[in-house]
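Chains as they are written, first to last, in the numbering used here: chain A, 7 to 330; chain B, 7 to 330; chain C, 12 to 385; chain D, 12 to 385.
If you are wondering where the hints come from, they were derived from the structure by calculation, not from laboratory data. Incorrect hints may have been included.
[Unchecked claim] Examples of chain D residues lying across from chain B (beta carbon under 7 Å, computed):
id, residue
1, Asn130
2, Gln131
3, Gly154
4, Ile155
5, Asn187
6, Phe347
Nothing here was measured: the structure is a model prediction, and the numbers come from that model. Even glycine gets a Cβ: it sits at the ideal position worked out from N, Cα and C.
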Amino acid sequence: MANLTLVQAINLALTQEMEADDSVVILGEDVGLNGGVFRVTEGLQQRFGDHRVVDTPLAESGIMGTAIGLAMNGIKSIPEIQFEGFLGPAYDQLVNHGARYRSRTRGAVTVPMTVRVPVGGGIHAPELHSDSPEAIYAHTPGLKVLMPSSPYDAKGMLISAIRDPDPCIFFEPKRIYRAFREEVPEDEYTVPIGKAKIVEEGSDLTVVTWGAMTIQCINAMDSLPEDLSVELIDLRTIYPLDVDTIVESVQKTGRCVVAHEAPLTAGLGAEISALVQERCFLHLEAPVQRVTGFDTFMPYYKMELDYLPEAPRVAEAITACAAY
Amino acid sequence: MANLTLVQAINLALTQEMEADDSVVILGEDVGLNGGVFRVTEGLQQRFGDHRVVDTPLAESGIMGTAIGLAMNGIKSIPEIQFEGFLGPAYDQLVNHGARYRSRTRGAVTVPMTVRVPVGGGIHAPELHSDSPEAIYAHTPGLKVLMPSSPYDAKGMLISAIRDPDPCIFFEPKRIYRAFREEVPEDEYTVPIGKAKIVEEGSDLTVVTWGAMTIQCINAMDSLPEDLSVELIDLRTIYPLDVDTIVESVQKTGRCVVAHEAPLTAGLGAEISALVQERCFLHLEAPVQRVTGFDTFMPYYKMELDYLPEAPRVAEAITACAAY
Amino acid sequence: MPIKVAYQATIEYMQILDEQGVLDADLARDTLTDDQVVMLYEHMSMCRRLDEIAFKLQRSGRLGTYPQNMGQEAIASVALAARKQDWMVPCYRENAALFLHGLPPEKILQHWMGDERGNQIPDGLNMLPMSIPIGTHMLHAAGIGWAAKLRGIDQVAFTFFGDGSTSEGDFHEACNFAGVMEAPVVFFCQNNGWAISTPRKKQTRAETFAQKGLAYGLKVRQVDGNDIFAIYKAAQEAIVDAKAGKPTLIETLTYRLGDHTTADDARRYRDSDELDAAKKKDPLIRVRKYLESKDLWSADLEDAMVERNKVKVDDIVARATNIEAPKTSDIFDAMFATTPPELARQRDTMHTHSLGQFPQQETLSNPTPHPAHA
Amino acid sequence: MPIKVAYQATIEYMQILDEQGVLDADLARDTLTDDQVVMLYEHMSMCRRLDEIAFKLQRSGRLGTYPQNMGQEAIASVALAARKQDWMVPCYRENAALFLHGLPPEKILQHWMGDERGNQIPDGLNMLPMSIPIGTHMLHAAGIGWAAKLRGIDQVAFTFFGDGSTSEGDFHEACNFAGVMEAPVVFFCQNNGWAISTPRKKQTRAETFAQKGLAYGLKVRQVDGNDIFAIYKAAQEAIVDAKAGKPTLIETLTYRLGDHTTADDARRYRDSDELDAAKKKDPLIRVRKYLESKDLWSADLEDAMVERNKVKVDDIVARATNIEAPKTSDIFDAMFATTPPELARQRDTMHTHSLGQFPQQETLSNPTPHPAHA
Ligand SMILES: Cc1ncc(C[n+]2csc(CCOP(=O)(O)OP(=O)(O)O)c2C)c(N)n1
Ligand SMILES: Cc1ncc(C[n+]2csc(CCOP(=O)(O)OP(=O)(O)O)c2C)c(N)n1
Ligand SMILES: [Mg+2]
Ligand SMILES: [Mg+2]
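Here chain A stands alone, though its shape is the one from the complex (with noise of 0.2 Å):
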């Protein structure tokens, strides 16, 4: 056991994959010598060599497009984007061909590649930087979508991705980065793909969330007065969606808030508050209610957090939902 960041528990798992299986290899801008602008792939080129550790030329489509050329042939393709921002121009090999190829080939051919992207705001970066985009991948078929927020889950999850057969995008929350340590094992293990951790029991209200949202929500909470008992759900896995462990909750405390950083309209909280008046319809107490980013650019960084869903909202929506 050591008491890891979110940036070092990523850092061990690659370092323990790659170390167990020779043919994981990472590939990306600066992810060598620089160990990534975030440091999360530190050390892992002097330790396992140029050629498993990829520099590559700045280009996103071609990061992708290769790392699912590798994937077909027999390497396990770990590629970086350095911001999600930048997935924009690799999105066409993610969505048209990555996902694609296993049902287009009915399954001779196989994409068994890990996305890893650093996603959302709240570090004062420039444009481009802060933003989003999980529901865009939630809706695209294919793919597995997931969203660590603690260090052990960040271990046990990336594992999971990079031993699964089929492409995962890993997205890493950057706020959380260094924002505070847990204690993960120093042995391999895994956290399913497709389950959602219940980060708090509760009776009167569910709240669901994932990724830096977390923390948010874990604030929030504490902001409330002590009779209010929520239940706080951790989504992880964003495609394909634990709706069991949702629906359950719901069906247990009648009133659901779904909080994220994306922009509300189309955003993944639509798709909960739909699932869960689909299947808790008769036991729900007040709309679900979304606190989300607005219809809006995530702002430059002065304005970051009049955008963002910080806790003081959280809590707001939290006690409107739990008065209805």
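Following the hints, position chains B, C and D with the ligands against chain A.
Showing chains B, C and D with the ligands alone in chain A's frame:
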């Protein structure tokens, strides 16, 4: 008045706007002599010259990116993307530039561009020629997203889009390009962006849909018992959503079915469902039902109709929702 | 010296078998044997016939949109130069090469009949299915070649695409990655003069497509694309270079004798003069002339071959047509190695449940409504 | 002739003012006047100082991540060759050119202070804001130039980007569109040897970046990027060509003397020897030597200038810092020409309503629940 197909109505709108405004320029693959693969731009190059109806190199990012540049320097650009699947390579330019310039520059640089894209399934086309990505773009701030379901609306909406000072995506449901004709006025007229259309009034249940699915829904309604009074709403504009029209209707009927071709998870149906339960919670007599494509790719055409939510599936959904 | 030469390049064009069937014996040395030429001729002729039949199948509604390969059959030669272990990463106008490399021809028909099983590459065959999005698959070839290098196995990835495809950004990134990673990849640009209705001169101002490879430090070459010898030789040399970490871009000058696809009518945009001139350069005609000049072919042999090819093609069509219908469950089960629960639910209820989506949806028969609504 | 030459190319490198400040008078004819050189020297020095101050502002938490331009100031020359009506479509290492073309320098600071108003290009100035996504903005320059041509107005679009940027597919598509559309565009590739930690040799196997332009039939040129004369002359000639429908790609050989940004530490990946060698080629040093050799500069003039530049930079910083805070309503109102109703609702309730989203949400106080739930 002339009795026109959807294709002809679009062609007429383009002709008239090009006639009226020298700064309107069409660009895309094969839009010139060939008139586009669906012949939507037929005759326009002959009429307006190859400097205003421009065959471009085979490069969607290039088409979108230069269309943005054109629009920033005095040209009302109308890029055509040959099929919705090929929005992939243009995705980054569209969402990270076209949609953003106004906000990024606080209004100093604007992009009056209308992106025309055939969309949807049902024409026995190959892979990537039958998708419905509208939810992706509804989730993207800064874009107006339109999809007509009739020749009359197509002409009026396209004219609105071309004249709009901001970037619009004009999705053309290819399945009904030539499926039927409608009286379309010769004169120019506009159908406002952001206004849904009540196709049929009703009091028992509201169906919300758009594009080619509107026809499936009409067919479904024809098959229902006389005494079930269904109100059919064609959104026409996907973003910004005409929330008021939907809410007013469901507050009246108490029941709602949403139908779309795109996959279920995180599709636009989720947004409608979420909105409806937020704003009509106390009126709802049944959960909002979604009848949609599955969370898979649109299969190759042999099984295409098994995927699409055709009229019978819509009718069953309506019946189930009404019986709830 | 304030002005000096920073860079210089020269690109060669190669033709070995000319339009009249005359061979340049020097250049032809160590390329195709007589037997191989005869085999190629028969194979290319079979492909031509398959194309004609496919056209008819489309017109009679038994096949979807189909892109004829007519006029570009000489690309088959690449498959003779390639080794069993090499990869083919194709677009849709190199059927002739794919079949020779081992793809059962009915797979191509099945694909265009709207059936994913047409893309189900048989085990042991190193090949990707035809790429529908243009200009995007070359990156996979770059990755595949790179993987071979990483794994220390001797494989070369051949990838094929048209002149139009070179305008896509992915072409650029694929060539650049192959160059930088010193990956064993050979890029075949089949320049047939058109991308649907877009002529070559609207595609680029470059004088050749070969020169596009200079941007990546690739080896580059232009060859007569209707010349089985030139293509073979270029491929042979490219394999040697690829194995030494030097990818090659080869531009083949050819022509699309048919419409773009069965959905297209080339007369809308293409001069008949141009077509007539191109017909004289048909890769089949010149091989036949050559074989005849060497007394390796005759009218009798031709007749016998035509009969054999008819049978072969009928057979292919039969195999494509007689396959059992695909299962709707495949739509779901092919998505992931293990189908997630909600997706399985969609699969299991698609025919029985009204929505095909929510059998679990709370209904009035659900016995435990929440007290607030009771 | 079975093997013939299909294509040949030669690219020239030009330097006019060498590292020692020695000028090639022949090449320099009709380029910069003495006054212009003095002005450029003072301007470049001001930019250098601004860079140093920006670095300090970042370290003291008053500025976000900032990319220093240090060492690349000679690009300012382009703005002297450009006309008022020409467009600048930049990345982030050509501040010196943008300021000369008319951009108030505080705009750049404002941008990096996390304020969109830094991108609010003043009316009448033909310029785009710095592009954050690398290698994607050159397409806008291609479109802008093309628009000028369509409208029959005399404008040239200058676009700037780094060596790394040329690996993006959009670079390829931008050059190709400019070529095909014969658009008045000049592409400046500032090759500073590095893309963050990625050295030039991992970026491409091409021997020069200039040769990448051959793929599109562009005019191409390589120049000393620390030489204000060579850059000026290349830009001058490129304008003439651009107006004649011939876009140019110019590779400028320069060096990034600082870290990639304030978030970077170049010592992690870059040899100090390389940096030391590059410092000797500093564009400022050689201009000063040149001016001194012509008796146009002196230690006194230098001191006076340093004082002036201090004041100028203090002024710029004051203007960037003293601006009133942005309004949160801007987040919404800048989205569209007319704010749609739901977005206005989000704006109007963001501070007052718990969710900032649904003031209209049905609440228990809503007086008309549906009978079924009554
Ligand atoms: C990304 C993408 N854009 C557009 C298309 C539509 N399309 C199909 S084939 C084709 C032309 C291809 O031209 P070329 O690369 O020269 O190949 P050819 O058909 O001539 O063999 C186009 C534009 C597509 N399939 N994919
Ligand atoms: C599309 C995209 N990918 C990655 C990045 C992250 N990034 C910012 S600057 C940079 C390197 C740019 O190198 P180069 O083009 O040579 O310009 P330089 O910084 O050397 O001036 C990278 C990778 C980005 N901003 N945009
Ligand atoms: Mg072609
Ligand atoms: Mg650089």
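Okay, the hints, checked on the actual structure:
| no. | hint | result |
| --- | --- | --- |
| 1 | Asn130 | 5 Å, holds |
| 2 | Gln131 | 5 Å, holds |
| 3 | Gly154 | 2 Å, holds |
| 4 | Ile155 | 4 Å, holds |
| 5 | Asn187 | 6 Å, holds |
| 6 | Phe347 | 5 Å, holds |
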